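K.L.:
Here are the chains, one letter per residue:
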Amino acid sequence: MKKFLFSFLCVLSGLLFGALILKLSGISPIEAYTVMWNGAISKPSYIAYIIIRSTPLILTGLSVAFAFRTGLFNIGSEGQFIMGALSAAFFGYFFNFNPWIQIPLVLMLAVFISSLYGGLAGFMKALFGVHEVISTIMLNWIALYFSNYMVLHDGFHKANTETSEFINPSTSITILENWKSSDAGLEWLGQHPLISDFLRPSINAGIFLAILAVIIIWLLLKKTTFGFKLKAVGLSPEAARYAGINVNKKMTQSMMIAGGLSGLAGATHVMGVSKNVAILAAHEGYGFDGIAVSLIGSNAPFGSMIAGFFLGALKYSGQKIQSALEAPSEVISIMIGAIIFFIAIPVIFERPINKILKLWEKK
Amino acid sequence: MKTQCVISCLVMIISSFSLAADKPIRVGMVTDVGGVNDQSFNQSAWEGLQKLKKELGIKASYQESKQDADYQSNLETLYDAGNDLIWGIGFKMADAILKAAKQNPKQKYAIVDYSFGDKTPPNVVGVMFKAEEGAFLAGFIAAKMSKTNTIGFIGGMSVPIIHSFQYGYKAGAKYANKNIVVLEQFSESFTDAAKGKAIANQMISKNADVVFHAAGAVGDGVIEAAKEKNKMAVGVDRDQNYLAPKNVITSSMKRVDNAIFQVVADLQKGSFKGGSTQNFGLKDGAVDIAPTTSKMIPASLIKEVEALKIKIADGKIKSPSTEAGYTTYLKTLK
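Just so you know, the protein sequences line up as chains A and B, in that order.
Read in numbering that gives the first Met the number 0, the first sequence has 113 at position 114, and its numbers run on one by one without any break.
Read in numbering that gives the first Met the number 0, the second sequence has 228 at position 229, and its numbers run on one by one without any break.
Keep in mind that the hints are not guaranteed to be accurate.
[To be verified] Below, a sample of chain B positions facing chain A; criterion: calculated Cβ distance under 10 Å:
no.: 1; residue: G27
no.: 2; residue: V32
no.: 3; residue: G34
no.: 4; residue: V35
no.: 5; residue: K65
no.: 6; residue: Q66
no.: 7; residue: K91
no.: 8; residue: A216
Hints in this document: simulated from the structure, not taken from any laboratory.
Please read all numbers here as calculations on a predicted model, not as lab measurements.
Think of the CB as a built atom: it goes at the ideal place given N, C-alpha and C, for glycine as much as any other residue.
When you get a sec, could you build the whole thing from the sequences and use the hints?
P.N.:
See below:
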């Protein structure tokens, strides 16, 4: 009950602060929030877009949250996302098996490669004491430029574009992709406008994979000795070492799993939504948003899931103020930032509320 | 409080009625990941819409894309907002526009810098620029200004849009001076300024004294190199003189704003040319050289350039935009 109250107050004050920012830049907050609310839930396709947008955020949030449980701050989620996306696009283009083999194979390869990439940072920390914040930030850029290099490589580069070749259709995890544009599908959808509207965006199986990952990570942390050891290292590496846990090994393993989760986010994004990878001028921010998701979700698996949906919805519907009310994107970013900021620091409410509750009990 | 609400509701309803009576055209645009303040074609496009807002009383709005994955959802946001025409700015949005146009056959779309050719859906207009005409003038000026008889061209990527700059520039240079040497290189990037600087320095060391770039932000490095070595540079897309006021002698400008203005003005007159690609050139004011050029080059040369402009606009000189076109063009020179 108390926890719920905290979260509620945090969201409320975040929204109020966002309203202040909107007001200061000459935009009516009530109108803006109405546009956002309608823009988030008034049509099935909006909900579908929010699900699509939330999928990578849930996974990168889970990745950051998981590493955090082992006492590691995984800033490298962005780079691991890129490695996962690149691997999925690469193998999705060069391999072409039956979908039942192709999809799991490409997913596994993407997760494997990105987990090695994440593990690299853990390995360097374990062996040489390189702080993971430093190494993962640098690995983000290496991933970005490696991806750009690969996209431009002959044989993989799609001529006359800034993107790679599209993945083979057998790699796609978009739901009912072929049926949607077939004659039979169009006829059936014509009679069912709501479902048709929901299926219009590239709604894909990634969300099921994300929820599955959340459950698996929760079980791993809660119900296995492996998870217990990881958490022990996170709480106190010295105590864990004294208790006979191989701390270095656990750090590497934790970063590998975190990297795999971020890589899965990249892979589902490529296989479900973009179908290729493009030259990146800068980081797209899926991984960095994952840090915010993890913070909002108090570094817990299910927390990351809810926070991922929340941030996805906020980012999707927030953009709509731009054309509706002519709000500059900077104002929208500041508003979203303010909301996240308040949600991520529940501490400021914790003490006053505890005091009030104590006074209440005395009466 | 309650009465206030009722009154404000009434006011809103009445005002929406009166709006419906005027029915101004609503036009929305989706930027690519550059955003609306990119100092390049996205910004120019938005300036065009704002000009339309002032002069023709249309309603204009924009949606910025943060990621490539945003194109589809942003196009739908503008579709749901009830726009008469939706612009996609930049060739990166081609796939998203095509998909949206097929899903909403009654909605009008337009795209900048891309042609669907014969496959243009009936509700889409493609807008292309005869960049080769602006580049022709730039090449002409570069060759006339060069003292070493050597000039350079740096392209972002070997793609058709950049080829039109490349061959237009070369054709203009050869028109001015048949024996001019044109060094060419692609930077394989539109963002890496350091690479642009390195390539430009290399060209300068090979005796080039004017360098032209068609490579986005790579060009910032090209211009910087020219500034440091005190050589001349030619800008692209917008007037880039402000980057190096003593060195950027001219810029081959693409006036996205003027092209957008014309398409929307046509729409208002009820003559939207759906299903086709419109090519805008010097004649339409959609490509030109920068206004600062007159400060940078001698007045006699300006006169020659003005005469050349008329010849191009009248079609007496056809600037080539492909390698094949360039080869045949060279034969006509002899």
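K.L.:
Can you give the numbers of the hints that this structure goes against, from lowest to highest?
P.N.:
none
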